[in-house]
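**Student:** One-letter residues, chain by chain:
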Amino acid sequence: MQHKGTLSFKEAGSVPEPEKKKAELKITGMHCATCAVTVEEALANVRNVTKAQVNFGTDTAHVEFDPSKVSIAALEKAVRDAGYEVINREVVLKVGGMMCATCVQTIEAGLRALPGVIAANVNLGNEQAYVTYNPSLSSIEDMKKAIEDDGYQYLGIAGQVSDEAETAARNADLHDKLMRFSIGFAVSIPLMPLMWVPLGIPMQALAYGMLIVSTPVFFYVAYPIFRAAWTALRNKTLSMDVMYAMGTGVAYVASVMGTFSIVLNADYMFYDTAIMLAAFLMLGRYLEARAKGRTSDAIKKLAGLQAKTATLIRDGKETEVAIEDLVVGDIVIAKPGSRIPVDGEVVAGESYVDESMITGEPIPPLKAKGSRVVGGTISTNGILSVKATKIGKETVLAQIIKLVEDAQGSKPPVQRIADIAVTYFIPVVLIIAASAFIAWYFLLGSTLLFALTALISVLVVACPCALGLATPTAVTVGIGRGAELGFLIKNGEALELAEKVTTVIFDKTGTLTRGKPEVTDLAATGVTGETLLSLAAAVEKNSDHPLAQAVVRAAQAKGVAIGDAEKFDTLGGKGVRALMLGKEMLVGNRTLMQENGIALPEGMDAKIRAFEQDGKTAVIVAAGGQVAGVIAIADTLKSTSAEAVRQLKAHGITVVMVTGDNRRTAEAIARTIGIDRVTAEVLPGGKAEVVKALQEKGEVVAFVGDGINDAPALAQADVGIAIGSGTDIAIESGEIVLVKDDLLDAVAALELSKKVMGRIRGNIFWAFAYNAALIPVGAGILYPFLGFVFRPELAALAMAASSVTVVTLSLLLKGYIPEAKKKDQRR
Amino acid sequence: MAIDPICKMTVDEKTAKFTSEYKGKKYYFCAPGCKKKFDLDPAKYA
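Just so you know, the sequences run in chain order B and D. The opening residue of the first sequence carries number 0 in numbering that gives the first Met the number 0; numbering runs sequentially from there. The opening residue of the second sequence carries number 0 in numbering that gives the first Met the number 0; numbering runs sequentially from there.
Hints in this document: simulated from the structure, not taken from any laboratory. A hint or two may mislead.
[Said to hold, decoys possible] Within a straight-line C-alpha distance of at most 20 Å, the following computed SDA-like cross-link-like pairs (lysine to any residue) qualify:
#	chain 1	residue 1	chain 2	residue 2
1	D	K7	B	A100
2	D	K16	B	G95
3	D	K16	B	V103
4	D	K7	B	C99
5	D	K16	B	A617
6	D	K7	B	A72
7	D	K16	B	Q152
8	B	K392	B	V103
9	D	K43	B	A100
10	D	K43	B	R576
11	B	K307	B	A397
12	D	K7	B	L123
13	B	K143	B	E107
14	D	K43	B	Q104
15	D	K16	B	A397
16	D	K16	B	E147
17	D	K16	B	K21
18	B	K307	B	G95
19	B	K21	B	R111
20	B	K540	B	L578
21	D	K7	B	A522
22	B	K573	B	A617
23	D	K16	B	C99
[Stated by the list, open to error] Pulled a few chain D residues facing chain B out of the computed Cβ check, cut under 10 Å:
#	residue
24	M0
25	I2
26	D3
27	C6
28	K7
29	Y21
30	K24
31	F28
32	C29
33	G32
34	C33
35	K36
[To be verified] Away from chain B, derived, C-beta distances all over 10 Å, residues of chain D:
#	residue
36	A1
37	D11
38	E12
39	T14
40	S19
Please read these numbers as outputs of a predicted model, since none were measured by experiment. Just so it is clear, CB atoms sit at the ideal spot from N, CA and C, and this is done for glycine as well.
In isolation and in its complexed conformation, chain B is listed as follows (with noise of 0.2 Å):
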């Protein structure tokens, strides 16, 4: 797994491994599963890869590999010598001090040392640094750095031609495929009547006006495929590709010698067919290409969220500078309405910060002086000055969005059923279209245009396309969504893994509760409960147990006047003593009252034990020698805590709660949410050991904790679930991060889990069952039955909508409500 992975890595940090380095390339040119597989192959075969995974749905490949060994121009020149391309990002970047020639090769060679770094052209003329480059790799912070060992000045961003590369490369892409297979159906529409409709012209004189028509058109139209076909066959592999381009070009094959009846004759007449497959097959690539392009919407959202441009205060005067340019230690101002470019602290002003879209909160909290803010938040009414203690891939932002994009990236185990079943594929297909030529032609005596119409259709027909849409699809647009719900969901194999949970594990502390004891019920005898909460905070103002200060916070929230008590001491466990009007005041539990001789009224006993029932803790308060009363403190619960637990309790799973607290407190609060398994009394690093005791006994664990103390038994779980408000820590620490501090994300987040395994398994079954069916069908099998023949165009067809219903299914997620979640949309 791939946490336990990382934890183990750390603790054997003193061993020497060979440095790893993950890089993302965008990759462009894959139509097909098979593609993926290639491109995946391409770049583990390079030497000291260690790891490559291909995402078909968003068009990325994570590749991992040892730095100083392997350039990412070599991983590059692997792709491409597949025959795909990578879409680096570019930058412009002006740079001081350059005199000569010789400084421009200077910098040129210190920008093309930088790891992530492909192409770097210095113009003299106009002082800028053109330089392509790989995100992931290096940072324009790295250059900056590059530039200024070399002795020159770097002076800010000229222009970043970055997401525009993408969006235009994409969209090129778009309008070629939307070329080509509009030219195809424009001239093989009006082709084909001309073969049934008597034109008086004589079938050998047509048959040449077609060649010269059809010959041009087809191998525009085709060439996509062929080019596929002939760089998988480079490649030694059979790609799906392949399967096209001997379907299309049969048909033409044969057409042309049906034209100058070699073997064949007129009748032959294949060209119509030909290039409407070859348009079909563009079409259904263009359907495809679109669908993908709108997966990872959910990211394009949270990189929005994100300022390009700083106010920067530099020598007094504010300046506006690109958001790369920004150091730490800058101070930025964020005028009313505006994004916080970084994360830092407040030095100046006051705002109402709206945090909601890092922490779900939906009041915005108040920013002065000191509070820290998050980058990508807006201040809504003030100006605030900001000093970034956080830029670049440091943020809270750029974190989320790094996870996302690797989740997005990852396959669940699940996917690896489709891969297999993709390279037996073929060679099946192979067989059956072969099998299906030689029985019909040679066994059963039917005409060879009958055998080449069934062998040309099983060819087209039996696209895995949509099976290896399937998985990555579904799982982009899933984590996507839970991004939106607010849960990070960081790899596919916790997708799986969530899915088949049969046990949650929740910490009590901080999780199911606050975690900051509160006062909870007041029973004064003689005064009344102001004064008793009055009497008790101005001797507990002077503590800072965090009871003591549950009492002062009650006091304060309740608008008591809070006096001043003197000669102050604290009793070891007991309580504490102080001095007020005189009087002796004790503030502590029964033995502290017992040892100094006082009395418990009637019935306060009683009322001691039942505070004590419900896992409250119970503090007397006496003055001058009488008890004027018990304040019973707790630790709340969250006001979502026990919904959460019930409705996981209705989807079967098992709720365990684990504490440290003594048994009798952790079973009233279990009582409480409607817990009834708990494991009280457990040391901190004791909850792992739960967990492995429950996975011992079979159980599918979840552990819901808060990140920071609770890592090893997130660690161990099949499932860890971080709580965190944002935080780098619990983004660190769980397989799913939930933003909001609410417990029903939990729930929501396994829901959705649940929803994405059934579409991916209802996706393969869409993809598999489209060429179980229709395979048999394109050879022929319904024609005794039925005189049915699937045509091949209409085999295109129909490929190209098993990918659509594959991608759309996808979609369909993009809208899916979590049952946890709908009680939140009606509020």
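Could you slot chain D onto chain B? The hints should help.
**Tutor:** Leaving out everything else, chain D in the frame of chain B:
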């Protein structure tokens, strides 16, 4: 006026920021790139 041995530009000795000494002789450069190149293999340019 001195001549930058790398790029052959004229450099004012009084204001030159980038200089190197090789075999007792002082060389002046227009910019850090030239100095760097010279320092890597001074014998070639001196």
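**Student:** State for each hint whether it applies.
**Tutor:** Evaluation of the provided hints:
1. K7/D - A100/B: Measuring from Cα to Cα gives roughly 11 Å; hence the hint holds.
2. K16/D - G95/B: Holds - the C-alpha atoms of G95/B and K16/D are around 15 Å apart, at most 20 Å.
3. K16/D - V103/B: 18 Å, holds
4. K7/D - C99/B: 9 Å, holds
5. K16/D - A617/B: 77 Å, violated
6. K7/D - A72/B: It is violated: about 35 Å lies between the C-alpha atoms, which goes past 20 Å.
7. K16/D - Q152/B: Distance ~14 Å between K16/D and Q152/B Cα, so the pair holds.
8. K392/B - V103/B: 29 Å, violated
9. K43/D - A100/B: 18 Å, holds
10. K43/D - R576/B: 87 Å, violated
11. K307/B - A397/B: 13 Å, holds
12. K7/D - L123/B: 16 Å, holds
13. K143/B - E107/B: 12 Å, holds
14. K43/D - Q104/B: Holds, because 18 Å separates the two Cα atoms, which is no more than 20 Å.
15. K16/D - A397/B: Violated, at roughly 41 Å.
16. K16/D - E147/B: With Cα atoms ~16 Å apart, K16/D and E147/B stay inside 20 Å; holds.
17. K16/D - K21/B: Distance of about 41 Å is beyond 20 Å: violated.
18. K307/B - G95/B: 23 Å, violated
19. K21/B - R111/B: Judged against 20 Å, a Cα distance of about 19 Å means the pair holds.
20. K540/B - L578/B: 13 Å, holds
21. K7/D - A522/B: 94 Å, violated
22. K573/B - A617/B: Status holds; Cα separation ~12 Å.
23. K16/D - C99/B: Holds, at about 15 Å.
24. M0: Violated - the Cβ of M0/D stays beyond 10 Å from chain B, reaching only about 15 Å at its closest.
25. I2: 12 Å, violated
26. D3: Holds, because the Cβ-Cβ distance from D3/D to chain B comes to roughly 7 Å (cut-off 10 Å).
27. C6: 4 Å, holds
28. K7: 9 Å, holds
29. Y21: 17 Å, violated
30. K24: 20 Å, violated
31. F28: 8 Å, holds
32. C29: Hint on C29/D: holds, closest Cβ of chain B at ~4 Å, below 10 Å.
33. G32: This hint holds: G32/D lies near chain B, its Cβ roughly 3 Å from the closest one there, short of 10 Å.
34. C33: 5 Å, holds
35. K36: With Cβ-Cβ at 6 Å, under 10 Å, it holds.
36. A1: Since the minimum Cβ distance to chain B is about 14 Å, A1/D lies beyond 10 Å and the statement holds.
37. D11: Its Cβ never comes within 10 Å of chain B, the nearest being 12 Å, so this holds.
38. E12: 15 Å, holds
39. T14: For T14/D, whose nearest Cβ neighbour in chain B is about 12 Å away, the distance exceeds 10 Å, so it holds.
40. S19: Holds, because the least Cβ-Cβ distance between S19/D and chain B comes to about 13 Å, which exceeds 10 Å.
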